[in-house]
Amino acid sequence: MTCSSTPAGTVIPDLRARAQAKIAEVEARISDLTTIRTALTHVVTAGCDSLTHCTCPDYPLPFADLAADRASEGN
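Mind the numbering: the sequence shown is residues 0 to 74 in the working numbering, read in order.
What you were told as hints is all true, and nothing was included just to trick you.
Each pair of labels, with its calculated beta carbon distance range:
hint, residue 1, residue 2, range
1, 11, 43, 45 to 51 Å
2, 46, 18, 40 to 46 Å
3, 36, 9, 40 to 46 Å
4, 24, 46, 31 to 37 Å
5, 46, 11, 52 to 58 Å
These are computed hints drawn from the structure, not numbers from a lab.
From the three backbone atoms N, C-alpha and C, an ideal C-beta is built for every residue, glycine too.
Model the full assembly from the supplied sequences, consistent with the hints where possible.
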């Protein structure tokens, strides 16, 4: 695939690196959302009444720490 908006031979600084970084961000978000979907499916299946006070003994909320994990990765 070539871009027709730039003359042939023109180099766009950091475009590839920025695109690769954005792809990594998207992949991380997809992973997080998959974790959340799995957890919520478990909640629905188990019949839980509360996300924060779930009484299922083996059911931690795996997505509760996602924001904290993302924040620490940014530092």
